[in-house]
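If you want the building blocks of each chain, they are given just below.
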Amino acid sequence: MSDERNITASERGPAILPRVDVYEDASGITMFADLPGVPRERLTLRMEGETLQIEGEIATDVPEGVQAAYAEVRLPRYRRAFTLSRELDTARVEATLKDGVLSLRIPKMEHAQPRRIQVNAG
Amino acid sequence: MYESLLTYPGNVLAEFDRLQRGMEHAFGTLGLPSSIRAVAQGAFPGINIGTTPASIEVYAFAPGLDPAKIEVSVDRGVLTISGERAGEAPGAERKRSVYASERYFGPFRRALSLSEDADPAKVQASYRDGVLHISVGKRDSAQPRRIEIK
Numbered sequence: 592m593s594d595e596r597n598i599t600a601s602e603r604g605p606a607i608l609p610r611v612d613v614y615e616d617a618s619g620i621t622m623f624a625d626l627p628g629v630p631r632e633r634l635t636l637r638m639e640g641e642t643l644q645i646e647g648e649i650a651t652d653v654p655e656g657v658q659a660a661y662a663e664v665r666l667p668r669y670r671r672a673f674t675l676s677r678e679l680d681t682a683r684v685e686a687t688l689k690d691g692v693l694s695l696r697i698p699k700m701e702h703a704q705p706r707r708i709q710v711n712a713g
Numbered sequence: 026m027y028e029s030l031l032t033y034p035g036n037v038l039a040e041f042d043r044l045q046r047g048m049e050h051a052f053g054t055l056g057l058p059s060s061i062r063a064v065a066q067g068a069f070p071g072i073n074i075g076t077t078p079a080s081i082e083v084y085a086f087a088p089g090l091d092p093a094k095i096e097v098s099v100d101r102g103v104l105t106i107s108g109e110r111a112g113e114a115p116g117a118e119r120k121r122s123v124y125a126s127e128r129y130f131g132p133f134r135r136a137l138s139l140s141e142d143a144d145p146a147k148v149q150a151s152y153r154d155g156v157l158h159i160s161v162g163k164r165d166s167a168q169p170r171r172i173e174i175k
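Heads up: the sequence lines are chains A and B, in that order.
According to the numbering used here, the first sequence is numbered sequentially starting from 592.
According to the numbering used here, the second sequence is numbered sequentially starting from 26.
It cannot be assumed that every hint is accurate.
[Said to hold, decoys possible] Restricting the straight-line Cα-Cα distance to at most 27 Å, the calculated cross-link-like pairs of lysine-lysine (DSS-like) are:
1. B/Lys-120 - A/Lys-689
2. A/Lys-689 - A/Lys-699
3. B/Lys-120 - A/Lys-699
[Said to hold, decoys possible] On the chain A side, residues computed to face chain B include the following (Cβ under 8 Å):
4. Glu-615
5. Val-657
6. Gln-658
7. Leu-666
[Stated by the list, open to error] Distance ranges between label pairs, derived from CB positions:
8. A/Thr-642 - B/Phe-130: 22 to 30 Å
9. A/Ala-659 - B/Glu-141: 18 to 26 Å
10. A/Thr-674 - B/Arg-121: 18 to 26 Å
11. A/Ala-660 - B/Lys-94: 21 to 29 Å
12. A/Gln-644 - B/Glu-141: 29 to 37 Å
13. B/Asp-100 - A/Gln-644: 43 to 51 Å
14. A/Glu-641 - B/Ser-98: 47 to 55 Å
Hints are computed from structural coordinates only; laboratory data are not their basis.
Bear in mind that the values here come from a model prediction, so they are computed numbers and not experimental data.
Ideal placement from N, C-alpha and C gives every residue a C-beta, glycine not left out.
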């Protein structure tokens, strides 16, 4: 299992599209993704150009000699990619993973944040 | 054949449904008896079940829960998992645009029937990385024994 980690995403085969919530407010974008079964060390967040790629491998403890009897979660990994726009500050992305939920905060560039424009009397 | 009378042309969702049914036909799973407690794909939480000679291992993919509020019970051979996934506090949705809202929030309840050899006295549950793992031991009498030849 662990020797798979250096292989690039496209070579890893099919993956589950995780469910997400995405919100935008004045100062940035917030995203939550459901990644149950993914521990922190198996989660990869990667920026490729303007694309944010999220990939996580499910690593649940399975006892020796277990045989699958029924499965609704049929693939061992999650993957989803998002194209970000230029006003988002990808250098300051904050990510936390807790109980299988990834929270991402992507702030906007300082200059892209809303400003109130002073109207001068002519 | 009859299904083609039930799907409207141009309905994308129906088209996906038709495709999935087509796959089920192709693999021969449609029409076979399924569990009376079976649910449609995509129910929350997703459940995987495995067996070992000594136990039944149930994995419920239920992210973002408070483990203290998950109820697991075994009653007459039926294992039930229930709880509620709390959403954000009201008011948080003001002044923001929502682009995607795919995650499930609210109460959930899933039940599955255990095989007869399951021992309701030997149930252990743990919650890690958003997965609820329930291990149900099998009765000692149901476990394979090596019979010595004298």
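Status of the hints after comparison with the structure:
{"no.": "1", "hint": "B/Lys-120 - A/Lys-689", "in the structure": "holds, 26 Å"}
{"no.": "2", "hint": "A/Lys-689 - A/Lys-699", "in the structure": "holds, 24 Å"}
{"no.": "3", "hint": "B/Lys-120 - A/Lys-699", "in the structure": "holds, 16 Å"}
{"no.": "4", "hint": "Glu-615", "in the structure": "holds, 5 Å"}
{"no.": "5", "hint": "Val-657", "in the structure": "holds, 4 Å"}
{"no.": "6", "hint": "Gln-658", "in the structure": "holds, 6 Å"}
{"no.": "7", "hint": "Leu-666", "in the structure": "violated, 11 Å"}
{"no.": "8", "hint": "A/Thr-642 - B/Phe-130: 22 to 30 Å", "in the structure": "holds, 28 Å"}
{"no.": "9", "hint": "A/Ala-659 - B/Glu-141: 18 to 26 Å", "in the structure": "holds, 20 Å"}
{"no.": "10", "hint": "A/Thr-674 - B/Arg-121: 18 to 26 Å", "in the structure": "holds, 20 Å"}
{"no.": "11", "hint": "A/Ala-660 - B/Lys-94: 21 to 29 Å", "in the structure": "holds, 27 Å"}
{"no.": "12", "hint": "A/Gln-644 - B/Glu-141: 29 to 37 Å", "in the structure": "violated, 47 Å"}
{"no.": "13", "hint": "B/Asp-100 - A/Gln-644: 43 to 51 Å", "in the structure": "holds, 44 Å"}
{"no.": "14", "hint": "A/Glu-641 - B/Ser-98: 47 to 55 Å", "in the structure": "holds, 49 Å"}
Violated hints, in rising order: 7, 12; the structure is consistent with all others.
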